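Generate coordinates for the entire structure from the input sequences, incorporating the hints supplied.
Residue numbers (my numbering), protein chains in the order written: chain A, 20 to 229; chain B, 20 to 229; chain C, 6 to 337; chain D, 6 to 337.
Note that these hints are calculated values from the structure, not bench results.
Please read all numbers here as calculations on a predicted model, not as lab measurements.
The reader is advised that the hints may include incorrect statements.
As the list claims (entries may be wrong) - Here are the simulated EDC-like cross-link-like pairs (lysine to aspartate or glutamate), alpha carbons at most 20 Å apart as the crow flies:
# : chain 1 : residue 1 : chain 2 : residue 2
1 : B       : K84       : C       : D37
2 : D       : K8        : C       : D210
3 : B       : K88       : C       : E123
4 : C       : K321      : D       : D30
What the hints assert, rightly or not - Among the chain B residues that face chain C by a calculated CB cut under 7 Å, a handful are:
#  : residue
5  : N21
6  : R48
7  : D52
8  : G53
9  : S91
10 : G94
11 : G95
12 : G194
13 : R195
14 : G198
15 : E201
16 : R202
Cβ atoms here follow ideal geometry from the backbone N, Cα and C, with glycine treated the same way.
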Amino acid sequence: MNSSAINHYAAAIRDAILAHEADIECLDREIGDGDHYINMKRGCEAITGLADELSTLSSADALNKIGMKLLSTIGGASGPLFASFFMSMSKTLKTSDTMTTLQIALAFEAGVQAIMQRGKAQAGEKTMLDVLIPVATAFKQLAEQGQSSKDISAALKTIASDGLESTRNMLATKGRASGLGERAIGHLDAGAKSCQVMIDTICDLVLSKQ
Amino acid sequence: MNSSAINHYAAAIRDAILAHEADIECLDREIGDGDHYINMKRGCEAITGLADELSTLSSADALNKIGMKLLSTIGGASGPLFASFFMSMSKTLKTSDTMTTLQIALAFEAGVQAIMQRGKAQAGEKTMLDVLIPVATAFKQLAEQGQSSKDISAALKTIASDGLESTRNMLATKGRASGLGERAIGHLDAGAKSCQVMIDTICDLVLSKQ
Amino acid sequence: MKKFVNNIDHMLVESLTGFATAHGDLVEVQFDPTFVSRKQKSQQKVAIISGGGSGHEPLHAGYVGKGMLDAACPGQVFTSPTPDQMLAAAEAVHADKGVLFIVKNYAGDVMNFEMAAEMLPFEHATVLTSDDCAVVNSTYTTGRRGVAGTVIVEKCVGSLAETGADLASCKALGDKINLLTSSIGVALTSCTVPAAGRPTFDISDSEIEMGVGIHGEPGRRREAMRTADVIVADMVNAIVHDFEAKQLPTQGDILLLVNGLGATPLMELYLIYNTAAKLLTEKGFSIARSLVGNYITAIDMAGASLTVCLLDNDIKQHWDSPVHTAGLRWGC
Amino acid sequence: MKKFVNNIDHMLVESLTGFATAHGDLVEVQFDPTFVSRKQKSQQKVAIISGGGSGHEPLHAGYVGKGMLDAACPGQVFTSPTPDQMLAAAEAVHADKGVLFIVKNYAGDVMNFEMAAEMLPFEHATVLTSDDCAVVNSTYTTGRRGVAGTVIVEKCVGSLAETGADLASCKALGDKINLLTSSIGVALTSCTVPAAGRPTFDISDSEIEMGVGIHGEPGRRREAMRTADVIVADMVNAIVHDFEAKQLPTQGDILLLVNGLGATPLMELYLIYNTAAKLLTEKGFSIARSLVGNYITAIDMAGASLTVCLLDNDIKQHWDSPVHTAGLRWGC
Ligand SMILES: Nc1ncnc2c1ncn2[C@@H]1O[C@H](COP(=O)(O)OP(=O)(O)O)[C@@H](O)[C@H]1O
Ligand SMILES: Nc1ncnc2c1ncn2[C@@H]1O[C@H](COP(=O)(O)OP(=O)(O)O)[C@@H](O)[C@H]1O
Ligand SMILES: [Mg+2]
Ligand SMILES: [Mg+2]
Ligand SMILES: [Mg+2]
Ligand SMILES: [Mg+2]
Numbered sequence: 020m021n022s023s024a025i026n027h028y029a030a031a032i033r034d035a036i037l038a039h040e041a042d043i044e045c046l047d048r049e050i051g052d053g054d055h056y057i058n059m060k061r062g063c064e065a066i067t068g069l070a071d072e073l074s075t076l077s078s079a080d081a082l083n084k085i086g087m088k089l090l091s092t093i094g095g096a097s098g099p100l101f102a103s104f105f106m107s108m109s110k111t112l113k114t115s116d117t118m119t120t121l122q123i124a125l126a127f128e129a130g131v132q133a134i135m136q137r138g139k140a141q142a143g144e145k146t147m148l149d150v151l152i153p154v155a156t157a158f159k160q161l162a163e164q165g166q167s168s169k170d171i172s173a174a175l176k177t178i179a180s181d182g183l184e185s186t187r188n189m190l191a192t193k194g195r196a197s198g199l200g201e202r203a204i205g206h207l208d209a210g211a212k213s214c215q216v217m218i219d220t221i222c223d224l225v226l227s228k229q
Numbered sequence: 020m021n022s023s024a025i026n027h028y029a030a031a032i033r034d035a036i037l038a039h040e041a042d043i044e045c046l047d048r049e050i051g052d053g054d055h056y057i058n059m060k061r062g063c064e065a066i067t068g069l070a071d072e073l074s075t076l077s078s079a080d081a082l083n084k085i086g087m088k089l090l091s092t093i094g095g096a097s098g099p100l101f102a103s104f105f106m107s108m109s110k111t112l113k114t115s116d117t118m119t120t121l122q123i124a125l126a127f128e129a130g131v132q133a134i135m136q137r138g139k140a141q142a143g144e145k146t147m148l149d150v151l152i153p154v155a156t157a158f159k160q161l162a163e164q165g166q167s168s169k170d171i172s173a174a175l176k177t178i179a180s181d182g183l184e185s186t187r188n189m190l191a192t193k194g195r196a197s198g199l200g201e202r203a204i205g206h207l208d209a210g211a212k213s214c215q216v217m218i219d220t221i222c223d224l225v226l227s228k229q
Numbered sequence: 006m007k008k009f010v011n012n013i014d015h016m017l018v019e020s021l022t023g024f025a026t027a028h029g030d031l032v033e034v035q036f037d038p039t040f041v042s043r044k045q046k047s048q049q050k051v052a053i054i055s056g057g058g059s060g061h062e063p064l065h066a067g068y069v070g071k072g073m074l075d076a077a078c079p080g081q082v083f084t085s086p087t088p089d090q091m092l093a094a095a096e097a098v099h100a101d102k103g104v105l106f107i108v109k110n111y112a113g114d115v116m117n118f119e120m121a122a123e124m125l126p127f128e129h130a131t132v133l134t135s136d137d138c139a140v141v142n143s144t145y146t147t148g149r150r151g152v153a154g155t156v157i158v159e160k161c162v163g164s165l166a167e168t169g170a171d172l173a174s175c176k177a178l179g180d181k182i183n184l185l186t187s188s189i190g191v192a193l194t195s196c197t198v199p200a201a202g203r204p205t206f207d208i209s210d211s212e213i214e215m216g217v218g219i220h221g222e223p224g225r226r227r228e229a230m231r232t233a234d235v236i237v238a239d240m241v242n243a244i245v246h247d248f249e250a251k252q253l254p255t256q257g258d259i260l261l262l263v264n265g266l267g268a269t270p271l272m273e274l275y276l277i278y279n280t281a282a283k284l285l286t287e288k289g290f291s292i293a294r295s296l297v298g299n300y301i302t303a304i305d306m307a308g309a310s311l312t313v314c315l316l317d318n319d320i321k322q323h324w325d326s327p328v329h330t331a332g333l334r335w336g337c
Numbered sequence: 006m007k008k009f010v011n012n013i014d015h016m017l018v019e020s021l022t023g024f025a026t027a028h029g030d031l032v033e034v035q036f037d038p039t040f041v042s043r044k045q046k047s048q049q050k051v052a053i054i055s056g057g058g059s060g061h062e063p064l065h066a067g068y069v070g071k072g073m074l075d076a077a078c079p080g081q082v083f084t085s086p087t088p089d090q091m092l093a094a095a096e097a098v099h100a101d102k103g104v105l106f107i108v109k110n111y112a113g114d115v116m117n118f119e120m121a122a123e124m125l126p127f128e129h130a131t132v133l134t135s136d137d138c139a140v141v142n143s144t145y146t147t148g149r150r151g152v153a154g155t156v157i158v159e160k161c162v163g164s165l166a167e168t169g170a171d172l173a174s175c176k177a178l179g180d181k182i183n184l185l186t187s188s189i190g191v192a193l194t195s196c197t198v199p200a201a202g203r204p205t206f207d208i209s210d211s212e213i214e215m216g217v218g219i220h221g222e223p224g225r226r227r228e229a230m231r232t233a234d235v236i237v238a239d240m241v242n243a244i245v246h247d248f249e250a251k252q253l254p255t256q257g258d259i260l261l262l263v264n265g266l267g268a269t270p271l272m273e274l275y276l277i278y279n280t281a282a283k284l285l286t287e288k289g290f291s292i293a294r295s296l297v298g299n300y301i302t303a304i305d306m307a308g309a310s311l312t313v314c315l316l317d318n319d320i321k322q323h324w325d326s327p328v329h330t331a332g333l334r335w336g337c
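What follows is the structure in structure tokens.
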């Protein structure tokens, strides 16, 4: 993963988020405040707008730059969370000079932990973490087992989908939906949906590599 | 016409206005401000509420009382106009001690003239006067010819309807619709409609008398 | 129609009672006949009284207080008040220097105030406001409607009266400001008169009503919805043309009032202000005073009006002077 | 969706520019990062900074000025501002007595302000407002939302800061007022986020959303539309129960704030006030201060919120002290 791969991923993620406008927006309207899609779009476009600058940076520096940019662009709950993710991922990658799949998995895990810390949240609270935590856990485990990028990607796609689906019957105890009690049940979480879309997109890119 | 007849007419007029809620309201919505029906209703109910008091008065005093009450109840453009009508009618009737059809017709004409004065308006300006002026003219003429109340009533019904209909293709030069220019064309005037309904109701009562 | 209401017939009384309670330090309300007057009756000044149909809040009751009106007569929704209200209000607040009625130019308002004036046992005069340039003035019509410029007239005439000026001077200032002021409104949606229970007019999502009145009266024409910049440019042009038609200068210091008609958020009003201020400055005006908010509304209509008032030192001074009412307050 | 807008992406900048121009005597606006600050930088006082998503105007930028905020950071519509905005605002307005952030309790706002605070090179503290009693507090949730009580906190803390009080005292007053304040909102219609272009929620003509948030978040429950008296009684009861749950007295002097959410006319707000004032008085409260109008809105939502704040002499004094902002002004 170098910074040109990062730019490639970022563009694909932006396209995927834009393609999912209707579902993402609808979910945050139902049990949130309706701005999550716009927030994601603003964030994605800010990052693809950085492409030239990112291409001159190391992966770790590019990820940090992405985190900083998201922090000053997205706002809302998702902004500081995604920012923390990338900044923490960057910090972890900085400590190693090669970049194996396992190192990426460990960095991803560190990113998810940063989200948990910033959001004071766990799995099971009906947030993006219900996608991110199981994905991080499986990613690390599969990487430790030495599985191929393609096998890992195929597995993570399913885990992300399942994670998203698991939010449907949860009570929300974090974020804007936490005031809703029983009324949140039956709805997927918007941030979980965005994460699933982003993970799915990257996994598809890996799977489609020659 | 004594004050018990007046009460009888007032009740019938109230019922007729209430029955025409939809058309009257709709007309003032289209080229006015939508309150004419409510104004008429408030006025009618105030007058039927006076029934006991009116029944102790002479016709002339009852009509003056009605004018005063309308003045303090209706508001808007139609309030002072209808008030002027009744107060002027009362004044005219006061000068005579019998009450022939001709005297009523002359009082009616005086009432209409009071409206013209107060509203600084003529026939052809797309207002209630386009019903009232031709009715007043015909009423006086037919009464002078000594026609029967029933014949007069039958004639006035048609004249009121025609007057109302004549407002359809007029430009408004008085009242709220006067700012509309060409846009007022094609719509009947709300005040003309109320007057037509009221005249029609009284004529029907006269016609149905044994 | 969804409104906070108990019984349509009691809406006005309940609302006015709430108003008088919430502003108990400033005003009191009387019913039958209905009028709102200052808590502290003023002495030795011309009594300034306004009134009109309800549904335009904060106008007029919200402008009763120090530096503005002595009393306001609220009619039924969109219906002129009746002469007995004006007589009772005048009786309650006059202080032997005469009564000035400030009346928006509508047939109903004019006739009711006229009848009150005819019965009034003291010296009186009337300022008729007619700042709405959407309606073309002509000898054949009732004339232009009084809209948001009325707020400026009430503020400045109220200020002058407070100095002890006589009736003729107060009337002259009101007439002068009315002449120097032009307004135009635009509706994105209709208002709903509570007692009618349905919107006054139908309008699609792709249309606007340019030149709408504050009662939802149809305006100049139904137009296509366009960007704010284009809509505001049309409004500014209408006002500038009106200034030209009135042979007023199209330069110099102005007061720019961007008024919300009820349901349009401040965010949009400031956006309108931004465009209007830019365009008016380009035309050569200099924006010396500004007011943005809901000052004369059409119940729950989404829409806005622009008002430009040419300022001289006299008007500026009376605009700036202290005012303490429910709807406008500064300097005290 | 019909709004006065040119390009959704420029709406905020155009509106803020209009705001800063219209109130050029009071405030100035900076972009990238975006914040609004007082024209006259204040000296020798704690800098009071607030912020939050846009769409709640006049909150917060409308409360920048003498006696209230030193700066406000407007985020995108309904989206918390970002840490760089708060850092730039703090840098611009701090005066060596520290910075107090007033933050409405939403995950996004809390996290963004938290990250700003972590990076801030000067003394600082935060008051989190959480007056919305529609959302039940529990250790398992993010906690109650900050709503209209925030206006009272900003007014009074702003007043205290003006006296030269230190950071700890300002924070203590803010926390105290937050504790003494409960609010609840009700929606008759949804708001429409401009960029989304359609209503946040669907609601029929026969339903209301009781306990709605200021972003159109669903509330306690969907209920049948009923008379204003019945709706207001439910709201008053919710507030009184909350006072009981917080072990606060249910008597004594209060400030009653009836806040419009955007599209509800003053006539209805005063009608609500009328009922609320009666019911609260019956419960034993004494209404010592009142505020009725659009002070913290949810874009164009039809609806209203009730806020009750228990007053002591300290709070009363800070409420009454002079304030000069675009959204609140008195005493000067
Ligand atoms: N404390 C938290 N921890 C983790 N994720 C959270 C937390 N709070 C909110 N989220 C996530 O953020 C999403 C909402 O993001 P967004 O709509 O952009 O911000 P906001 O809620 O401020 O409007 C939620 O759907 C949820 O997934
Ligand atoms: N100057 C006038 N002379 C005669 N009739 C008038 C005049 N102005 C208005 N009207 C009549 O009054 C009617 C409107 O009455 P109403 O709706 O009750 O009052 P408003 O126009 O004040 O809302 C019009 O339809 C018209 O018939
Ligand atoms: Mg959201
Ligand atoms: Mg009418
Ligand atoms: Mg009317
Ligand atoms: Mg948000």
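Taking the hints in turn, this is what the structure says about them:
1. B:K84 with C:D37: holds (17 Å)
2. D:K8 with C:D210: Holds: D:K8 and C:D210 sit about 10 Å apart, inside 20 Å.
3. B:K88 with C:E123: Given pair B:K88, C:E123 holds - Cα atoms ~17 Å apart, limit 20 Å.
4. C:K321 with D:D30: holds (16 Å)
5. N21: Violated, about 28 Å.
6. R48: Cβ of B:R48 sits 5 Å from chain C, so the hint holds.
7. D52: holds (4 Å)
8. G53: This interface hint holds because 4 Å falls under the 7 Å limit.
9. S91: Hint holds; B:S91 Cβ to chain C Cβ min 4 Å, cut 7 Å.
10. G94: This interface hint holds because 4 Å falls under the 7 Å limit.
11. G95: holds (4 Å)
12. G194: B:G194 check passes; min Cβ-Cβ to chain C is 5 Å, inside 7 Å.
13. R195: holds (6 Å)
14. G198: Holds, about 4 Å.
15. E201: With a minimum Cβ separation of about 10 Å from chain C (threshold 7 Å), the hint on B:E201 is violated.
16. R202: holds (6 Å)
This entry does not satisfy hints 5, 15, going by the numbered hints stated previously.
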